[in-house]
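Asker: Quick one: dock chain against chain with the hints and give me the complex.
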Amino acid sequence: MIKILYFGRLRENAGRREETLALPQGIASVSTLKNWLNTEHELDGALDDPSVKTMVNQALVHDDVTLDGDEEIGFLPPVGGG
Amino acid sequence: MIRVLGTSFNPTAALDEFTKYNCDAGAITSFLGQVRNEYGSVQELYLESYPGVTEDGILDAVANAKVHWKLTDVMVIHRIGAMGVGEPIVLVAIAAKHRRAAFEACDYLMDYLKTEAVFWKRQTGANGTEWIEPRAEDYKDNKRWSTS
Numbered sequence: 002m003i004k005i006l007y008f009g010r011l012r013e014n015a016g017r018r019e020e021t022l023a024l025p026q027g028i029a030s031v032s033t034l035k036n037w038l039n040t041e042h043e044l045d046g047a048l049d050d051p052s053v054k055t056m057v058n059q060a061l062v063h064d065d066v067t068l069d070g071d072e073e074i075g076f077l078p079p080v081g082g083g
Numbered sequence: 007m008i009r010v011l012g013t014s015f016n017p018t019a020a021l022d023e024f025t026k027y028n029c030d031a032g033a034i035t036s037f038l039g040q041v042r043n044e045y046g047s048v049q050e051l052y053l054e055s056y057p058g059v060t061e062d063g064i065l066d067a068v069a070n071a072k073v074h075w076k077l078t079d080v081m082v083i084h085r086i087g088a089m090g091v092g093e094p095i096v097l098v099a100i101a102a103k104h105r106r107a108a109f110e111a112c113d114y115l116m117d118y119l120k121t122e123a124v125f126w127k128r129q130t131g132a133n134g135t136e137w138i139e140p141r142a143e144d145y146k147d148n149k150r151w152s153t154s
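Heads up: the protein sequence lines correspond to chains A and B, in order. Each number in the numbering used here corresponds to the 1-based position in the first sequence with 1 added. Each number in the numbering used here corresponds to the 1-based position in the second sequence with 6 added.
Chain B extracted, bound-state conformation (with noise of 0.2 Å):
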């Protein structure tokens, strides 16, 4: 399941939801990513999408992610639109039979959204508003998942 979603989320309520409804798993892995306080510098983060193209990126990651390793369940949320401090941004949770290709895949993905994801991210605070691009580090971790 997958959701790019305008309003806030509650991931807490959205695992605990995944987890009962894969009951049977042996291993559930999740990653939540939040808007950084970045020492104070950060006000807003905004991020858009193109609807229906966003969706199909993530689609075809989960595809992939589920020829790579043996997948029960996976979901994935993401907002857009403005976030303040703390917000959620993203929750990607995985359901399998072991722990290994729970981990694994849950990375994968992170590192599909992080840098080829159809989203643009849009940064307030101190120095002013800017357009926010992947770190080289972001690019690096994608890369590892090329030869896999």
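Next comes chain A alone, as it looks inside the complex (with noise of 0.2 Å):
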């Protein structure tokens, strides 16, 4: 299962704060995921905002990295400092 977490602004985007889930079939990277969640949740691309950074496993990466099904992912807008 993979853990979603939507943070900041992503998270009233989203309706939701996290969620888990299988892997979507067929969907097997960061690139893959985000646009099926863009379509599942209506996020009107959303998570395609070059500003948005995305962590796997609390690491940031780049959206051609693959996942196997049971990594934390989490989606970061822009921080707002303290």
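By construction, these hints were calculated from the structure, which means they are not laboratory data.
Below, simulated DSS-like cross-link-like pairs (lysine-lysine); rule was C-alpha separation at most 30 Å, straight line:
(1) B:Lys26 - B:Lys103
(2) B:Lys146 - B:Lys76
(3) B:Lys146 - B:Lys103
(4) B:Lys127 - B:Lys149
(5) A:Lys54 - B:Lys149
(6) B:Lys127 - B:Lys72
(7) A:Lys4 - B:Lys127
(8) B:Lys149 - B:Lys103
(9) B:Lys76 - B:Lys26
(10) B:Lys127 - A:Lys54
(11) B:Lys72 - B:Lys103
(12) A:Lys54 - B:Lys146
(13) B:Lys72 - A:Lys54
(14) B:Lys76 - B:Lys149
(15) B:Lys72 - B:Lys146
Answerer: Listed below in structure tokens is the structure:
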């Protein structure tokens, strides 16, 4: 199972703070997962915003990173500072 | 010591404890940030973190500070969750042998916390609710340390 975390304004876009799900069939990378989530949650391309960073198991990654199906994936909009 | 807290804290008590623990340090500086009134337009500030990632980032910044300055001890306490006007958001305290290192390290860590730390900030007030990003001045302040 993958655990997906949405932070900041993305939480409001997705309508949830987190979700746990099996990697959908045919989804094997961050890029394809983002496309699938954009459609599934009607995010209107929010995850494609170049300012949104992706972390897999708490490490920053590029979109071409492959997924095994047991990762924690975080979507991070620009930080706001403390 | 760093703490990211979901509940309010007493900065006076925390600083008192830090000072007593570092009673042999020659200099202690501190910075307390609290929720601004903004002429009555702010009702609530909400901060969110990425548990683990946020703490690791602060620890890296503290480690960098210890490379640049000779420090005896560092304390960072940062709130997350909902806060009202006047509530403490962040407390940074530095203990060092001499004042210059204590002043500069405190300044450096606050610039990190204001621009790079992994927090998301939402403000609710007279203009509704909006997610806040660092100001241009915050980025400018933080750039001061890029060559030091």
